[in-house]
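Q: Sequence:
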Amino acid sequence: MAVIRVQDAKTGDPVPYAHVCFESVNGGDQLHGLTNDDGEVNNMAKEKSVVAITFIGYETLFDTIMPGESKTLDFIPAIFNMNEVVVTAQYKPQRVDKSIYKVKVIGAKQIDDKAANNLSDLFSDELGIRINQDGALGSSMSIRGLSGENVKFLIDGIPVIGRLNGNIDLGQLNLSNVDHVEMIEGPMSVVYGSNALAGVVNIITKENKNTPVTATAETYLESVGTYNFSGSVAAKQKSHVFGLSGTRNFFSGYAEDGFRETPQALTWNPKRQYIVDGYYIYSIDNFKFKYSSQYFDELLENKGNVIAPHYARDSYFNTKRFNNSLDLSAQVGNERYFKLLAAYSIYERDKNTYFKNLHTLEKNLTDNDGDQDTTKFDAWNIRTEFNKSTTDSWYNYQFGLDLNLENGTGKKLDNEKQSIGDYAAYLSLKLDPVPTLTIQPGLRFIYNTKYNAPLVYSLNVKWNFMENTNIRASYSKGFRAPSLKELYLFFVDINHNVRGNPDLKAENSQNVVIALSYLNEHGKANFGMDIDLFYNNIKNIITIAQVEGDLYSYINIDNYASQGLQAELFYNLYPHFSWKIGFVETGRKNVLSDEDASIKKFYYSTDVNTSATYNFRKIKSSISVFYKYTGRLPQYYQTTDGYSEGYIDGYSTMDVTASKQLLKGNLKISGGVKNLFDVKELGISGSGSAVGSVHGGSGSSLVGYGRSYFIGLSWLFNKF
1 MAVIRVQDAK
11 TGDPVPYAHV
21 CFESVNGGDQ
31 LHGLTNDDGE
41 VNNMAKEKSV
51 VAITFIGYET
61 LFDTIMPGES
71 KTLDFIPAIF
81 NMNEVVVTAQ
91 YKPQRVDKSI
101 YKVKVIGAKQ
111 IDDKAANNLS
121 DLFSDELGIR
131 INQDGALGSS
141 MSIRGLSGEN
151 VKFLIDGIPV
161 IGRLNGNIDL
171 GQLNLSNVDH
181 VEMIEGPMSV
191 VYGSNALAGV
201 VNIITKENKN
211 TPVTATAETY
221 LESVGTYNFS
231 GSVAAKQKSH
241 VFGLSGTRNF
251 FSGYAEDGFR
261 ETPQALTWNP
271 KRQYIVDGYY
281 IYSIDNFKFK
291 YSSQYFDELL
301 ENKGNVIAPH
311 YARDSYFNTK
321 RFNNSLDLSA
331 QVGNERYFKL
341 LAAYSIYERD
351 KNTYFKNLHT
361 LEKNLTDNDG
371 DQDTTKFDAW
381 NIRTEFNKST
391 TDSWYNYQFG
401 LDLNLENGTG
411 KKLDNEKQSI
421 GDYAAYLSLK
431 LDPVPTLTIQ
441 PGLRFIYNTK
451 YNAPLVYSLN
461 VKWNFMENTN
471 IRASYSKGFR
481 APSLKELYLF
491 FVDINHNVRG
501 NPDLKAENSQ
511 NVVIALSYLN
521 EHGKANFGMD
531 IDLFYNNIKN
541 IITIAQVEGD
551 LYSYINIDNY
561 ASQGLQAELF
571 YNLYPHFSWK
581 IGFVETGRKN
591 VLSDEDASIK
601 KFYYSTDVNT
611 SATYNFRKIK
621 SSISVFYKYT
631 GRLPQYYQTT
641 DGYSEGYIDG
651 YSTMDVTASK
661 QLLKGNLKIS
671 GGVKNLFDVK
681 ELGISGSGSA
691 VGSVHGGSGS
701 SLVGYGRSYF
711 IGLSWLFNKF
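Under our numbering, the first residue of the sequence shown is numbered 1, with each subsequent residue one higher.
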């Protein structure tokens, strides 16, 4: 009988257990098969058919085949080439190396190798990113010296709402149903508007593309008290795809003093999360419709210290997110593309404080100001765009509308209800005057219901001046709009008097990036290098300040700049070994006073990371090591005599993970150690209030809960 042999394009080795789908060129039912240990599957085609072959770690392969024909097909490994397809800020899905933007892609294999449960885990060892931890508020990030307030977070292109102190809690962005993560560093305000001044992170969720029925089950246990469970099921019937997944994450909390006798004994608060995702897809020819829904529920417990003889004041914070979206895309002509995204998102955070009897476990709500609170935000987002992306044309274009309306309610908002609308049109041209040069200017016109929005523009250039080398350069203007909290906060009780400022201006930035990329492939090996120079200058930064007596408010006061050099080297020897090393030198300058020249110079910090993975292909196992040194961070403190210099200590972290596949790759066991050097807290030197903060400057900063050990199990079931 005629057979199809699937082999690795680099090694010539057979690829067992690959999924093979046959579909007649005239349409009709699909036939499915699985390659055996020799990488072979029977040719099931009954007439001229398209064959699609998929397997983890390889690019999807399409070919045509006739009945009775035997054929050998080369399967290209995706982990070897720079051929990942990206969608963030693109005219149409395209290879990452073809994008005019420098897009960092963290794929499913890297997520597995890191044993990452959420975005905080995933970014913890990434170059140019600093993770800030808070036992109560969660984790936040900064990119190249710019805070997380200026990073736009998207899930399948839909903005994530619900920020605390301006930041999205990365621990609430779960990865159990994520295919890969795309990140662009630098202002993306022309395409994505406010909060994209420092960059954009787009989380791309999984979709079942070819398998009639697929199901997964996963569990993750960590010695610090983490117990995570997740499962998913998806089905495909002709042009229809359905998917449903659920996750329960639990963390029991961590404290040096488990008996709650010392102040702030419980450093890391207990929390549990429930997450449910569902989607439906209808696709035919060049048309695709997708409806998706996500529900998130987190309960965080802030357990107070013991009050003699046996009482405590415990607070509970319940965060809920409910997102619904429609995604429609179609090819409407000769390489013309139309896309529509429409979403409605709800964010709610409830605080309840109880006086608890630790003997009887009876608890009653307290009646103090600020002990009970509910804050709710909802947002409408409609985004539509039309793209011309013709391969053989010297010019292409994109234009679109981005309409956003956000409403907020709660006792901490002035008049307990506020709303803000942001309505924009954006346009960009992609010009290819010669085959090796691409130039892309862009504009964004904005109308905002609360403030005068600036005109935003950008210019991107990509020059492939050698076969294996290219340079990307960009000049961009970015902005961050004042949030509803910054405009209308009203938080007044016995301990606080903090109010918003409706006269705030938008933050404005200018950004310059020059990036050199080199990649050389030779046989089974490749070697690459990336060097980036970057500069950011931000005016009208919004900060909180003591304006009179005990009154604090948000004001536009200071200017801020960051600049630096980032370099990475990487080497891959397929299919066994991969290695990379990099460093970033970041300078920061914060100017609050025209009179104090001491804080007008740049102060630098250095971060270094390296990682290595070795695959034992014959026994289907791998081991990975991830190391990062996060350098000492200088900062300024405001005192009665002016400004003084302080710093946050530097530190090193290392994670070691290993995995083993069993049962034809359907069962995977992983384990390892995280935070090998047992880092928990960092010293902070300085006195007074940190620049841009109302908090004291001395003390310590959290890093983690120390060394921990984990084990994970994942099971995959496919029915063909």
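No wet-lab data here; the hints were simulated from the structure. It is possible that some hints are incorrect.
Straight line, CA to CA, 25 angstroms or less: simulated DSS-like cross-link-like pairs of lysine-lysine [stated by the list, open to error]:
hint, residue 1, residue 2
1, LYS618, LYS109
2, LYS589, LYS601
3, LYS618, LYS589
Q: All hints, please: hold or fail.
A: For each hint, the structure was consulted:
no.	hint	in the structure
1	LYS618 / LYS109	18 angstroms, holds
2	LYS589 / LYS601	6 angstroms, holds
3	LYS618 / LYS589	52 angstroms, violated
When each numbered hint is compared with the structure, a violation occurs for hint 3 only.
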